[in-house]
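Chain A is fixed; fit chain B onto it per the hints.
Line order of the protein sequences matches chains A and B. Each residue of the first sequence is one higher than the last, beginning at 1 in the numbering used here. Each residue of the second sequence is one higher than the last, beginning at 1 in the numbering used here.
If you are wondering where the hints come from, they were derived from the structure by calculation, not from laboratory data. Incorrect hints may have been included.
Remember, identical chains collapse to one label, so a pair may be satisfied in a single copy or spanning two.
[Said to hold, decoys possible] As a list, the in silico PhoX-like pairs of lysine-lysine whose alpha-carbon atoms are at most 25 Å apart:
#1 LYS346 <-> LYS268
#2 LYS201 <-> LYS114
#3 LYS252 <-> LYS114
#4 LYS92 <-> LYS63
#5 LYS230 <-> LYS114
#6 LYS139 <-> LYS351
#7 LYS112 <-> LYS265
#8 LYS92 <-> LYS201
#9 LYS252 <-> LYS265
#10 LYS60 <-> LYS139
#11 LYS346 <-> LYS92
Number of protein chains: 2
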Amino acid sequence: MAHIDPFDVSDEEIDYGRLIKEFGTQPISSIGNLPNIKHFRRGFVFSHRDFDLFLNEIKKGRKASIITGINASGSLHFGHKWTMDLVIGLQKEFNLPVLLTISDDEAYVTGKAKSQEEAFENAKLIAAQLLALGFDPKKTRILIHQKYTKIYNLAIKLSPRCTMNEIKAIYGFDMSRNPGQWFYPIIQAADILLPQELEGKHQVLVPIAIDQDPHLRLARDIAERAGYIKPSAIHMRFLRGLKGGSKMSKSKPGSAIFLDEDPKKAVKLCMQALTGGQPTVEEQRKLGGDPDKSVVIEYLGAHFIDDDNEFKKLVDDYKAGKILDGETKQLLARHVESFLTSFQPKVEEYKKNINSYLMVD
Amino acid sequence: MAHIDPFDVSDEEIDYGRLIKEFGTQPISSIGNLPNIKHFRRGFVFSHRDFDLFLNEIKKGRKASIITGINASGSLHFGHKWTMDLVIGLQKEFNLPVLLTISDDEAYVTGKAKSQEEAFENAKLIAAQLLALGFDPKKTRILIHQKYTKIYNLAIKLSPRCTMNEIKAIYGFDMSRNPGQWFYPIIQAADILLPQELEGKHQVLVPIAIDQDPHLRLARDIAERAGYIKPSAIHMRFLRGLKGGSKMSKSKPGSAIFLDEDPKKAVKLCMQALTGGQPTVEEQRKLGGDPDKSVVIEYLGAHFIDDDNEFKKLVDDYKAGKILDGETKQLLARHVESFLTSFQPKVEEYKKNINSYLMVD
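The shape of chain A in the complex, shown without the other chains (with noise of 0.2 Å):
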């Protein structure tokens, strides 16, 4: 099967079901649906670790919080945005406060980012564009790391309730690695328990790619011996990359759409992308495409058609030969050129102003 850790994600196709079992998650679909969020009425939020439990809390009118996090890397593409779409999602229909943390000094330490100053940078584009992506600004809370520091003092406190060991055998790093590799996994625990420490005790829920739920499960771990309610967690599956394979990486070229993308530029790379029809027009008209293949129509679904009747109609169509690659790809492209044409402008006003959306010590 494909290996998923952390830090690599290979490019073979992801059996989600044998990952349920691998990672001792619980499928989604046996605690029911919501159906106001397109990411579980489409299938994407698979597998989880006490969601049942979140949403009792929710039920019964308790406090409740989300918290996520994004690495400093560089600028979100799609693959980010997916996932904030759904953090979205859940504050909007739950009317919950989030806390987005941003992990620049990991991506620094990691090697991601040359400088500091650079994962900085990078951390504050990231802000801003998560605003601009639709959280609400009065119910959300961002943290990066550098400016945040205090987080230190958590990952300190929680740091005798874990060993070495553990760490090792939960990312299996080498000792060539620097010390603030392996310190990171702490770190991370600390922003997961972050919001308990400052409000007190109650059900944090954690959207996150599997390849995440390592870190949430040595989080979960932690919390129960450090006094914590242990975090629930939703595991989602990820958008391949614009030419296939498992997932878009700023690491390959040209498997992802940057969100700081020229609209120019994405609109080529859509064109570019990786589709399901057949190798020529006449064939397609007569056998269909498969929509399954073509992330050409995954990423119309998942960004940009909510309405599932029309994009089942997508689907069908194209299956039978109606709809061509080429007229897919324009969809996209015109989707993306507009939503980027409107995004940028607002990240910019939101990065004015950065300062006043960060969480400081």
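Showing chain B alone in chain A's frame:
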């Protein structure tokens, strides 16, 4: 030989000449004396790294500074006072800025303090004691890690210049320790390099007990790789514990007089201290005492008798049997009682506004 590492100093007698060879440091004798400072004059500073470079910078009128660190396991004792008297002596002699870092984070992750709150309270007490010992408040900065968490950013900056293999080789930690303990050496390196980070490259002196040399070596290696000037160090002999043995320690009850001790109890501790006397008064009058064996004489010389001739007379009289153990103990007890009685109200005064003396993020 005695086993020396930052976390364990054995009670066997310490062979300082051998330590110089083993640690690869230079004997202080090679660079002359600082006659105004008792610690140099009486041979308590026995070894160094690049202290000649430090003195040269001062001679040339160039920027130089001192940094030293204190663990926040509890109140300072007379062993710490002895080290701090040296730092204060150097500050006065050369009119130098001093950075004092108090590691309440390490006190907690190593279990020397039961909670972060306790460690922080210890740290504030220590800060007040340091000021009361006589540091110049205008030229001294005091940093407590839980208060100045920005130190985490510098630690992260330095982290990629070092590997876990190096930490293991220097400290011999095993993987059952917690991640904060393994990370702490990088925090300490950050302390040592902070003066250069904040004020540009310059020669920094780190006066330390020899058991702290591994921290210093790591900081020197990292300094070189990260483009700072390698810090200089001078190494002090330990003052012995009250009952003998290699070092005062909180973990050996009765081995140290703490600076927050009730003066009356401190008097009792003095009366129980190790002497170099004979089994009977008659024998001591006849054979004389061994001043090198007497902790009482050692403490009198280190802490209270600044005049070399006066101290020499005491030693000679003791050797000749003219002064008995009881008299030396009484003399020490009166000095200690008088010191604590005037010192402790000063500490209380500094404690009232201690926050105004601490570095903030």
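Please sort LYS60 with LYS139 into within, between, both or neither, judging by C-alpha distance up to 25 Å. Cα proximity of LYS60 and LYS139: one copy only (20 Å, versus 58 Å across).
Status of LYS114 relative to LYS252 across identical chains (alpha carbons, at most 25 Å): within (18 Å within a copy, 48 Å between copies)
Intra/inter-copy verdict for LYS139 and LYS351 if alpha-carbon distance must be at most 25 Å: Within one copy only: 19 Å inside, 39 Å across.
For LYS92 and LYS201, with the copy left unspecified, which applies at a CA distance of at most 25 Å: within, between, both, or neither? Close inside one copy (22 Å), not across copies (51 Å); limit 25 Å.
Is it within, between, both or neither when you check LYS201 against LYS114 at 25 Å Cα-Cα? The answer is between: 22 Å across copies meets 25 Å, while 38 Å in one copy does not.
Under a CA distance limit of 25 Å, which applies to LYS230 and LYS114: within one copy, between copies, both, or neither? between (35 Å within a copy, 24 Å between copies)
When no copy is specified for LYS92 and LYS63, does a C-alpha distance of 25 Å or less occur within a copy, between copies, both, or neither? This pair counts as within: shortest intra-copy Cα distance 15 Å, inter-copy 57 Å.
Within, between, both or neither: how does the pair LYS346, LYS92 come out at a Cα-Cα threshold of 25 Å? Cα proximity of LYS346 and LYS92: one copy only (20 Å, versus 57 Å across).
Using 25 Å as the alpha carbon limit, work out where LYS252 and LYS265 are close: within a copy, between copies, both or neither. within (17 Å within a copy, 70 Å between copies)
When no copy is named, should LYS346 and LYS268 be tagged within, between, both, or neither for a Cα gap of at most 25 Å? Close inside one copy (23 Å), not across copies (73 Å); limit 25 Å.
How would you label the pair LYS112, LYS265 (within, between, both, or neither) given a Cα cut-off of 25 Å? within (24 Å within a copy, 58 Å between copies)
No hint from the list above goes unmet by this structure.
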